[in-house]
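Participant: Dock chain B against chain A, hints included.
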Amino acid sequence: MSILSILKANLRSKKSNFISVLFLMFLVTLVVTTACSVSDNCKKRVEQSLTESGVGDLCCNFMESYENVLTEEMIGGIEAYEEVERVHRIFDVVVSSKDSMSIGGKRIKDRMLFQTYDKKNMPYPVFGKNNLEFLQDPEPLAEGEIYLPVSFQTRYSCKVGDQVKVKSETINKTFQVKAFIEDVTLGNPLFNGTKNVWISDKDYELLKKAYEKGDALLSSNDTLMVYQKKDSKLEEKEFKAEIDKRTGVISNASVMFSKHDFAFYATMITNIFSAAMIVFAVLMFSGVLGIVGHNITTTIEMDYVNLGILKSQGYGKWELRAVYFCQYLLAGAVGGVLGFLTAFPSTYFMSGLLVQITGFLPEHKISYGISLLAMLLMLCFVVGFAFIKTAKIGKISPMRAISGGRDSIYFSPRIKTTLGKRGLAFRMMLRQITTNARQYISSLVIVAMLVYFIMAVTSTLSVLNEENIMKDYYGVEFDLMVSYKESLEVKKDVEKLIEEYGGMERVYLCPSVYLTLDGDSINVNAPESSQEFTNVFKGREPRYENEIVITEIIAKKYGLKIGDTVSLAHDRENREFLITGYYQSVPNAGKGMSMLASGLECYEFSEHELNQYNYLVSDKKQIGRLVEKLQEQFSNQIEITDVQGIRESMQSISTASMASSLLIYGISVLFILVAAYMVCDKVFLKERNDYGIYKSQGFTTNNLRLQFSLRFLAVAFAGGAFGAACNLLTNDKFMEMALSSMGITHFVTDYGFMDYAVPVLVLTIVFFFFAYVISGRMKKVDTKSLIVE
Amino acid sequence: MGSILLKTKDLCKSFSNNGEQNHVLNQVNLEIFQGDFTVIMGSSGSGKSTLLYCISGMDTITSGDVWYEGRAVNAMKEKETAMLRRGDFGFVFQQMHLVSNLSLFENVAVPGYLNKSKTTKETNERARELLAQVNIQDAMKRLPSQVSGGEQQRAAIARAMINEPKLLFADEPTGALNQKNTKDVMELLLGINQNGQSILMVTHDVRAAIYGNRLLYLEDGRILGELKLAPFNAKEAKSRETQVNAWLASMCW
Numbered sequence: 011m012s013i014l015s016i017l018k019a020n021l022r023s024k025k026s027n028f029i030s031v032l033f034l035m036f037l038v039t040l041v042v043t044t045a046c047s048v049s050d051n052c053k054k055r056v057e058q059s060l061t062e063s064g065v066g067d068l069c070c071n072f073m074e075s076y077e078n079v080l081t082e083e084m085i086g087g088i089e090a091y092e093e094v095e096r097v098h099r100i101f102d103v104v105v106s107s108k109d110s111m112s113i114g115g116k117r118i119k120d121r122m123l124f125q126t127y128d129k130k131n132m133p134y135p136v137f138g139k140n141n142l143e144f145l146q147d148p149e150p151l152a153e154g155e156i157y158l159p160v161s162f163q164t165r166y167s168c169k170v171g172d173q174v175k176v177k178s179e180t181i182n183k184t185f186q187v188k189a190f191i192e193d194v195t196l197g198n199p200l201f202n203g204t205k206n207v208w209i210s211d212k213d214y215e216l217l218k219k220a221y222e223k224g225d226a227l228l229s230s231n232d233t234l235m236v237y238q239k240k241d242s243k244l245e246e247k248e249f250k251a252e253i254d255k256r257t258g259v260i261s262n263a264s265v266m267f268s269k270h271d272f273a274f275y276a277t278m279i280t281n282i283f284s285a286a287m288i289v290f291a292v293l294m295f296s297g298v299l300g301i302v303g304h305n306i307t308t309t310i311e312m313d314y315v316n317l318g319i320l321k322s323q324g325y326g327k328w329e330l331r332a333v334y335f336c337q338y339l340l341a342g343a344v345g346g347v348l349g350f351l352t353a354f355p356s357t358y359f360m361s362g363l364l365v366q367i368t369g370f371l372p373e374h375k376i377s378y379g380i381s382l383l384a385m386l387l388m389l390c391f392v393v394g395f396a397f398i399k400t401a402k403i404g405k406i407s408p409m410r411a412i413s414g415g416r417d418s419i420y421f422s423p424r425i426k427t428t429l430g431k432r433g434l435a436f437r438m439m440l441r442q443i444t445t446n447a448r449q450y451i452s453s454l455v456i457v458a459m460l461v462y463f464i465m466a467v468t469s470t471l472s473v474l475n476e477e478n479i480m481k482d483y484y485g486v487e488f489d490l491m492v493s494y495k496e497s498l499e500v501k502k503d504v505e506k507l508i509e510e511y512g513g514m515e516r517v518y519l520c521p522s523v524y525l526t527l528d529g530d531s532i533n534v535n536a537p538e539s540s541q542e543f544t545n546v547f548k549g550r551e552p553r554y555e556n557e558i559v560i561t562e563i564i565a566k567k568y569g570l571k572i573g574d575t576v577s578l579a580h581d582r583e584n585r586e587f588l589i590t591g592y593y594q595s596v597p598n599a600g601k602g603m604s605m606l607a608s609g610l611e612c613y614e615f616s617e618h619e620l621n622q623y624n625y626l627v628s629d630k631k632q633i634g635r636l637v638e639k640l641q642e643q644f645s646n647q648i649e650i651t652d653v654q655g656i657r658e659s660m661q662s663i664s665t666a667s668m669a670s671s672l673l674i675y676g677i678s679v680l681f682i683l684v685a686a687y688m689v690c691d692k693v694f695l696k697e698r699n700d701y702g703i704y705k706s707q708g709f710t711t712n713n714l715r716l717q718f719s720l721r722f723l724a725v726a727f728a729g730g731a732f733g734a735a736c737n738l739l740t741n742d743k744f745m746e747m748a749l750s751s752m753g754i755t756h757f758v759t760d761y762g763f764m765d766y767a768v769p770v771l772v773l774t775i776v777f778f779f780f781a782y783v784i785s786g787r788m789k790k791v792d793t794k795s796l797i798v799e
Numbered sequence: 007m008g009s010i011l012l013k014t015k016d017l018c019k020s021f022s023n024n025g026e027q028n029h030v031l032n033q034v035n036l037e038i039f040q041g042d043f044t045v046i047m048g049s050s051g052s053g054k055s056t057l058l059y060c061i062s063g064m065d066t067i068t069s070g071d072v073w074y075e076g077r078a079v080n081a082m083k084e085k086e087t088a089m090l091r092r093g094d095f096g097f098v099f100q101q102m103h104l105v106s107n108l109s110l111f112e113n114v115a116v117p118g119y120l121n122k123s124k125t126t127k128e129t130n131e132r133a134r135e136l137l138a139q140v141n142i143q144d145a146m147k148r149l150p151s152q153v154s155g156g157e158q159q160r161a162a163i164a165r166a167m168i169n170e171p172k173l174l175f176a177d178e179p180t181g182a183l184n185q186k187n188t189k190d191v192m193e194l195l196l197g198i199n200q201n202g203q204s205i206l207m208v209t210h211d212v213r214a215a216i217y218g219n220r221l222l223y224l225e226d227g228r229i230l231g232e233l234k235l236a237p238f239n240a241k242e243a244k245s246r247e248t249q250v251n252a253w254l255a256s257m258c259w
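Going down the list, the protein sequences come from chains A and B.
Sequence positions in the first sequence follow the numbering used here and run 11 to 799.
Sequence positions in the second sequence follow the numbering used here and run 7 to 259.
Looking at chain A on its own, in the form it has when it is part of the complex (with noise of 0.2 Å):
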């Protein structure tokens, strides 16, 4: 009762103080509990989302224009095999020319898998009204309908109704979108160049026969599933060894992804955003225990006396103690469940944005579990650090603070300031900092941790941007990549239109091809020269046909250092490379390889395969024109990719990168507001008796106002050039750290001046500028309060 007494008017006296601290644990809750939810939440979906689909445990892809065939032989090696539950087999129909499809208007890029809805063996959720539910039971596909992966809504903005053209040389149709299909496999907006698409079954057959009469326009896919029984023991590891071993039916597909390659690219983009999320609220919550510190440091020398009067009635120090935790509890218990309770509607806000950018539709649910257990730790931590900071209350002496002899809180200064006529507000803004620095460390650190937490999040958009993305993080530059389908015959021709449209810079061989690893299909880049290696930061490139440089993804998974050999196969044909150096390669999430061309002359590839030219044009203006030239000419002999075509399949990515960094601005914002509001307030209070002196000495109001808020705006600018001097010096690692699962290894930072200018001047200014506010109490302080009568 006694403590509930002091308890209760301390509330009633300094309830912007709890107000203050409910914010800040309202706002650190609510990211915490939303990021934590929504990675739970997309993971789960993605699993799921799998397994509804009927998406097999391994998924091989054999694509003809590669001249990759699945056989029967290999079908039947599979079946037979013990730890085999079942396989499927799709056969689809492929439109790759890019010529060949638009919708609305717009080329489509992607090589489009056509394919049956298949409701008994892979029934794809089909996306309801405006993408927030599933249709229980869709109807069947009419003529003349399709379905598409939901990402084309935002990366051909199509919508519902809009037409799909397709033409080939004996085919010219007209599709309507019914519905857009959760696709968490090629549908993933990370995935480039080939996408599955559904027809009814007439259309189906008729694009089929169109086919097999042989329209060159037209190619096909087989997709072999192969499911794994339930009570195998074999991790995935060993299943896919011991299948290829048996059929050699990985080494001889496209490309090969598990499921388990899917949950992650699929999970990849929200897993690093939703772990930036928590590092940063991380930051938030250590910004927030240096405020409640602060407050406590300062609350307990302004009621220096009061503390005296109740120890000398009989209070002990554990209960004038028990009093700060509680207050700090109730604060930091009410603002948590307050977040935690606003982060049911930020969650289902969230998982509505989230469709676009990874391409299905996490379920809204909040993970009670860890957002219970971060929300109590929190508590834990907020108490521990009240009882920390209130040990100066023991050393309390009731008949000294009773009798005002409390210490001095002033001390002599170690940085002597002087003081003159000539700006004389900055001369005293300096020495109100020197002779009590430690009440603003923590606002100087709040600044500085949120300076380098927006500029680390906004150096991934300097990545995306910037005009070396090929070099830096693709392991070889070009403009276009062409790959000629058949031979070489169009080769003159298609240069002869390249150096007339943009002026041909250089070209080189540069096939792109799939190897195994391990059971494991890893892209492999070969270019025909050592120099066309741009981006080997350990070791060097390679030099002759044995050796091959790898990502760090590649040799973390594998254990593999620089001086290993590596043993890779293709078509059943096997060849060991010595490991010269380390390369960083962004696509399939870092795990790449590189080799010179002349190394994959042992394996048997297709001419598509290994006729493929990197080409750098003069104009870069003139890429997308030429592009289209090319496209005209030459659609049926050749396949293109731009490096536009690519920065536009990393959208999802730059869009939430910058809805990242606008949430962490505003939250910065918030933040800065609560903390500038909580700092000042406490400074202002302790220092009010001296605003009355000054007054009486004839300074105004808005003297005093400039002095007190350009203090803080000092305060601020340290602590933003301090966090932006930190993150200089750091933010590669940081980076590295952060986005090692897209295959980023090697960050090179890359700032112009705004870079760091911007988020040190938007936070000093809005420390500034709510210290000003704040101040505007100046005016209420009078000088009579110095009168004693």
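Incorrect hints may have been included.
[What the hints assert, rightly or not] Straight-line distance between alpha carbons at most 30 Å, and here's what the computed DSSO-like set of lysine-lysine pairs gives:
| no. | chain 1 | residue 1 | chain 2 | residue 2 |
| --- | --- | --- | --- | --- |
| 1 | A | K175 | A | K129 |
| 2 | A | K247 | A | K567 |
| 3 | B | K122 | A | K431 |
| 4 | A | K119 | A | K53 |
| 5 | B | K147 | A | K696 |
| 6 | B | K13 | A | K790 |
| 7 | A | K431 | B | K124 |
| 8 | B | K85 | A | K789 |
| 9 | B | K15 | A | K790 |
| 10 | A | K431 | B | K127 |
| 11 | A | K431 | B | K147 |
| 12 | B | K85 | A | K790 |
| 13 | A | K243 | A | K567 |
| 14 | A | K790 | B | K83 |
| 15 | A | K502 | A | K631 |
| 16 | A | K431 | B | K172 |
| 17 | A | K501 | A | K631 |
| 18 | A | K243 | A | K255 |
| 19 | B | K172 | A | K789 |
| 20 | A | K431 | B | K85 |
| 21 | A | K130 | A | K219 |
| 22 | A | K431 | B | K83 |
| 23 | A | K789 | B | K15 |
| 24 | A | K571 | A | K548 |
| 25 | B | K124 | A | K789 |
| 26 | B | K83 | A | K789 |
| 27 | B | K122 | A | K789 |
| 28 | A | K789 | B | K13 |
| 29 | B | K85 | A | K696 |
| 30 | A | K175 | A | K212 |
In short, the hints are calculated from the structure, not lab data.
What you are looking at is a predicted structure, and each value in this text was computed from that prediction instead of being measured.
Facilitator: Below, chain B without anything else, positioned relative to chain A:
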């Protein structure tokens, strides 16, 4: 008698407390003359300090007028009263009220930096002179918490003098001091007054009041009496004290 520096007409000040009006000052009519060491005396709670702050512009008045050199102080805006405090008025408080993170020197010099007519060098020189005048030049680099109460009050007096004010207001300047320090501070104020500084002091301490040459008695919010004294002479301190006590007795002190 010198010219009139400050004048009040029918000055009233009331405070409201839970609907009840408390009339602290009731139609006070008062003149302060140039060169005088005027002392306002009265019992505790008589409104002495309130009167001081009302006529100096530090507090608002309920009704009446306060004139300083022909200008209505009560009608001035905040900036104008700040200008008054910068140049024309100086204040010495009972609790000294030195800024705790400035040294004694800085406490004296900072108000001087607000004065546009002097350079920093001139202000600093004046501050040093004043500190020497009040005899604390050796302690000028120390913080207020590092010196005695008497030294603090002397620094406060030096601060009040930095801009050569026309009128120095002192609110119970010896209230927080012991006997020795009280004597030192009063002698200092006397010395300043003898150099031409006009002083208006509020006190309930007779030993401090005897240094003035014009005493006013405040009771129930009104000036009830006035006593004019000869310039102070240390040898006559005892008789002066007797004279003042007798006068106070006649005022029903």
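Participant: Looking at the structure, which of the earlier hints fail to hold?
Facilitator: Failing hints: none at all.
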